[in-house]
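Once you've looked at the hints, dock chains R, Y and C with the ligands against the given chain G.
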Amino acid sequence: MSGEEISYREALHEALREALAADERVFVMGEDVADYGGTYAVTKGLHLEFGRDRVRNTPLSESGFVGAGIGAALGGMRPVVEVMTVNFSLLALDQIVNNAATLLHMSGGQLHVPIVIRMATGAGRQLAAQHSHSLEGWYAHVPGLRVVAPATVEDARWMLRTAIDDPDPVIWFEHVGLYNTKGVLPDPGGPVDIDTARVRRPGRDLTIVTWGGSLPKCLAAADELAAAGIEAEVLDLRSLRPLDDDAILASVGRTTRAVVVDEGWARAGLAAEISATVAERCFWSLDAPVARVTSLDVPIPYPKHLEEAATPQVAGIVAACRAVVGEGPP
Amino acid sequence: MSGEEISYREALHEALREALAADERVFVMGEDVADYGGTYAVTKGLHLEFGRDRVRNTPLSESGFVGAGIGAALGGMRPVVEVMTVNFSLLALDQIVNNAATLLHMSGGQLHVPIVIRMATGAGRQLAAQHSHSLEGWYAHVPGLRVVAPATVEDARWMLRTAIDDPDPVIWFEHVGLYNTKGVLPDPGGPVDIDTARVRRPGRDLTIVTWGGSLPKCLAAADELAAAGIEAEVLDLRSLRPLDDDAILASVGRTTRAVVVDEGWARAGLAAEISATVAERCFWSLDAPVARVTSLDVPIPYPKHLEEAATPQVAGIVAACRAVVGEGPP
Amino acid sequence: MSAGLAGTGLADVGPGLLADMIRVRVMEERCAQLYGETKIRGFLHLYIGEEAVAAGVLRRLEPDDAVLCTYREHGHALLRGVPATAIMAEMFGKATGCSGGRGGSMHLFDAERRFYGGNAIVGGHLPLAVGLALADRMQGRRRATVVFFGEGAMAEGEFHEAMNLAALWELPVLFACENNLYAMGTSLASSESETNLPLKAAAYEMPAWTVDGMDAMAVHEAAGRALAVVREGQPVFLELRTYRFRAHSMFDPDLYRDKAEVDRWKERDPIDLLGRRLLDAGLVDQAGIDALWDDARRETEEAVAAAEAAPWEPVETLTRHVTRREVAR
Amino acid sequence: MSAGLAGTGLADVGPGLLADMIRVRVMEERCAQLYGETKIRGFLHLYIGEEAVAAGVLRRLEPDDAVLCTYREHGHALLRGVPATAIMAEMFGKATGCSGGRGGSMHLFDAERRFYGGNAIVGGHLPLAVGLALADRMQGRRRATVVFFGEGAMAEGEFHEAMNLAALWELPVLFACENNLYAMGTSLASSESETNLPLKAAAYEMPAWTVDGMDAMAVHEAAGRALAVVREGQPVFLELRTYRFRAHSMFDPDLYRDKAEVDRWKERDPIDLLGRRLLDAGLVDQAGIDALWDDARRETEEAVAAAEAAPWEPVETLTRHVTRREVAR
Ligand SMILES: Cc1ncc(C[n+]2csc(CCOP(=O)(O)OP(=O)(O)O)c2C)c(N)n1
Ligand SMILES: Cc1ncc(C[n+]2csc(CCOP(=O)(O)OP(=O)(O)O)c2C)c(N)n1
Ligand SMILES: [Mg+2]
Ligand SMILES: [Mg+2]
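Residue numbers (our numbering), protein chains in the order written: chain G, 1 to 330; chain R, 331 to 660; chain Y, 661 to 989; chain C, 990 to 1318.
Be aware that one or more of the hints could be misleading.
Quick list of simulated restraints, FRET-style, between CB atoms [claimed, not checked]: (1) G:PRO330 to R:ALA649: 39 to 49 Å; (2) R:LEU378 to C:TRP1301: 56 to 66 Å; (3) G:GLY253 to C:ARG1313: 38 to 48 Å; (4) Y:PRO971 to G:ALA22: 49 to 59 Å.
The list that follows gives simulated cross-link-like pairs (lysine-lysine, DSS-like), each with its CA atoms no further than 25 Å apart [claimed, not checked]: (5) Y:LYS699 to G:LYS304; (6) R:LYS634 to C:LYS1028; (7) R:LYS634 to R:LYS512; (8) R:LYS374 to R:LYS512; (9) G:LYS44 to G:LYS182; (10) R:LYS374 to C:LYS1248; (11) G:LYS304 to G:LYS182; (12) Y:LYS699 to G:LYS44.
Derived from the structure by calculation, the hints contain no laboratory data. Even for Gly, the Cβ is constructed at its ideal location relative to N, Cα and C.
If we strip away everything but chain G, and leave its shape as in the complex, we get:
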């Protein structure tokens, strides 16, 4: 498949297909992953190839089937559980936080939970307040979990296998705005790590730290800034827990200015963590306060103009970057 352009959705599909073919312990489970093809059509057709046992439709029982996935992982399987969207994962949080994240520790290292829990996240499709959450920051808060957010077609294709092979529970975020994005895979491709951040565009004037669905917006903002003579470095976190602090600090250490772009709400979110870490650890080298570009403090509304105003957009990112670059002592 390398050489030609494929979509993020296809890349995920391919990665799942490969994992199912390569490892008998792998199975996919979730609401409508079989006949329906998955809400975002990622698993479409896989049940025909691998059967309904390994591409398993579940009832609407988020806590039940996520817990069953954790149990199956304890039992030697490598489940990939699809929770449709992060909005519904609230129903499974007890299983994720109280079981998946604690069992290794509580058992003194005896048990471990090699599960991948995939979910779509984010706004931008006019689905209103109950269907537009971005809660990556919540998951990134919890020791015992690994949290990743592939933002590129290559990462969608090649981080998944690494996540499945990981011995710990991995929470895997797919931003709804990314499914139709396209990219060309490297040839030859192969598994990539799920631990480190990547500079997606180098720059010397400031660092934009972001992940997932906000990456394309940040790259567009960097293009606009470049046209105005400002060279923004764009850092794609990829792993949200653990954070690649070294990469963040190295970049900001060079540029001395930072903007964090996070589609979640501001207060006590992941952008707050990055802003705090940068300020605490680059204190003496920072030339301007870190700026956060986040969603406004409002449940996400339905109409397009309000949804756009409530969530980070290119213009707002550009403005924040300009302000940070322009800033100096009062």
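Positioned in the frame of chain G, the structure of chains R, Y and C with the ligands alone reads:
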């Protein structure tokens, strides 16, 4: 009751009693709030005075009875729902985040949800990983919620009525370490606001920002520091959403140094928010990086020595304050 | 609208039920079109084929009863008296919508009519219904709360908890299960180990029975009986067997059922069924039925025109309605 | 330990069951004492009075079956073969405990013996049991998974979801409900609208019946029958009627039941019941029974002594076992 010393537990009890007596719409609901007296004995005996309808035992159905509380609030009642502990509130998060926090906005302002959801929070009682969470930061992340954490006997006694009268959903945290703390109520007492932070001890050398169960530890640390000639100002947030930014910035603006003490985990927690806010908005006046004293990145273990090592203690707070005060340009 | 059992024959309620269903059908067909024209966005879930359920149940309600629905609720809102103009404006996301434009098709609200949504988390509104009924009980009001939900919701823990609480506390809730046999692409048999749904209610000692949800008269009759029990302070579970003629939402390629199955169900189109029955009984003539369609089209077109012309909520007021009491900082 | 139905008469299994129950009783009594001495901390939930349940069920298991319990699991761990020393050390929080000291009384684990806790969120382990059984099914292993839970857990959504999944997917799970009539201070009747618990299982088309949980022989017999079905790949629900003689935990002032009720149940102490039966049948004599108590006391005291002497986990290794793969930074 004023004049004599009472406990935090008694103060809560008294506040509930008064609210039940004053307003027919108020009722208390939760697991074992009646005959058992509440897990932490806060509601003990109230069912004898107000009957089992208004001091209503529920089955083990956190999502169900929190949702029922939200519905009852829509129906004109003023429910005070007890979710025993924040650990079990994970089972009710869908109701809190997707219903309580969104209904006002999604309905264009037509509906509102005047509910108080009380829960015990925190570690320190050797209850191990599933029973020792501190998730105030998660709730403080969500627009549409009010989040408060009374830390003193007076606030336990007098914030509750204000919370019950508030038209919006209030998440109310009681740290397990506070129930037996004692204090003398002001005479005459009366309702106090649930919006603002309070300086619990003034000081000029640095600001310790904290709330809830960490307040006594911070005050003890400030005592120790004072003995060493360091005057720490201790700010008790009281309200975690909205944060009283003005009070935080005013204090740090004066002291130019800050330590945040949060029993939650560090990454993307509430301490991160405060650190970020201070660094972003006091950037030019800060004389040292903000320090966070939080729990370590580990599920809370059972043995006392490990639990203590995993969570903020006076010695660690003192050390962090000393470091922040001693810090200067490299 | 009367909750009594008098005057419930075909002649009494048949014509009204037919008119109700036609109004919903026309509005829904138009919504599908408007979605194609990108006037309506987000998810859109049509009720086409299921109209008899909402029509039959809602005709039994008193004005101060409460209603809660899923995201497939446009028809319920309309029949509950929310003006078509307010519904259509909401679908467009306009400020004049019944939720001020903020909710969209999945979140129609009307506090005055006690219409509590439009709820998009499957099962999430069931506990709310319990609470509304609890508030009535505690305040000594004899009102009913009706909550509609799909059969897919029954696998959720929130269903279980809500059923138990309502039965345990003897609350006046009518649990109206719209069993259209599929939850997105998942058939009932692949979702529930026991597909005889009234048996589920038995686990809570709640009376329950099954009704032909394509027969508006049967639904109306059953809802009347159920609500009589509910008003005495006991919850009831009704399984209403129905079918959606369209895909789950506008995103659904509908790969999981075969055309023959859909066609078989379309032979029992609830509007045709009741229309034929009324014609056979001589209670309406074809001209009368045509007039109902014309009226419905007029209502819908007026609503669309009004929605088109309506203003957007300005961006400046975006952050209103986050908390009712705003804390000045 | 054999799962077959041969050799299951009083003479065959009675003495062993009695010994099992005595071992649990002695350990639990000692734990209560140690709690008073603050050697054991946190919550402590005793199984005193309920011993016949764990004894009767666990004697039916094969070595590679899986077991999951609540926080009231010390007895189950002991009877499943976890050494008393490892259990007691865990209660003390010592590094030699069966969970490395990190879990405490509510979180006894033993991966080798497939003992999956010690789970402290009510109902939270039920989905795990479903998953363990699913893994067996998918890997073609004929093993059973037994999950113990209190009757209080049945009101939780997770119970409902787990029951449905197990029945829908035909998984080899034995749902062993320890109905001790109270969830903390909440009686069954104030928790469930339908208190006939096997009716709940009927809602999932799962076979279910009720057993006298004070009669170890009856439990053993029922568990044998149930597990025969489970091993064929069908879940079964067993209601085991029992009673806890002590308060819910060491914090519970036990205000919600009267002494007469507790005394009535104590007349059916499962150890006395089986002991008398064995004496009457001449299968043991009093000296034999005394020896069982002595053996149990010796076992427990050795465990206590070992726990006292055992080392603490050093603070330096506190953050181990957070993730299995550590990311170097
Ligand atoms: C908790 C939750 N899980 C998943 C979804 C996604 N989803 C939306 S509708 C739906 C199917 C629901 O089916 P049913 O309850 O039968 O109602 P119907 O759509 O058939 O009217 C699903 C899975 C959701 N909205 N909420
Ligand atoms: C989800 C959840 N809610 C509440 C609690 C607090 N709690 C601990 S044990 C218990 C009672 C459980 O009763 P039951 O299931 O009957 O088991 P028993 O203790 O009687 O063995 C409660 C309410 C909890 N641990 N988990
Ligand atoms: Mg359906
Ligand atoms: Mg019990």
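The hints, checked one at a time:
1. G:PRO330 to R:ALA649: 39 to 49 Å: violated (33 Å)
2. R:LEU378 to C:TRP1301: 56 to 66 Å: violated (45 Å)
3. G:GLY253 to C:ARG1313: 38 to 48 Å: Violated: the Cβ-Cβ distance is about 32 Å, outside 38 to 48 Å.
4. Y:PRO971 to G:ALA22: 49 to 59 Å: holds (57 Å)
5. Y:LYS699 to G:LYS304: Holds, at roughly 11 Å.
6. R:LYS634 to C:LYS1028: Measuring from Cα to Cα gives roughly 11 Å; hence the hint holds.
7. R:LYS634 to R:LYS512: holds (24 Å)
8. R:LYS374 to R:LYS512: holds (18 Å)
9. G:LYS44 to G:LYS182: holds (18 Å)
10. R:LYS374 to C:LYS1248: holds (20 Å)
11. G:LYS304 to G:LYS182: holds (24 Å)
12. Y:LYS699 to G:LYS44: violated (29 Å)
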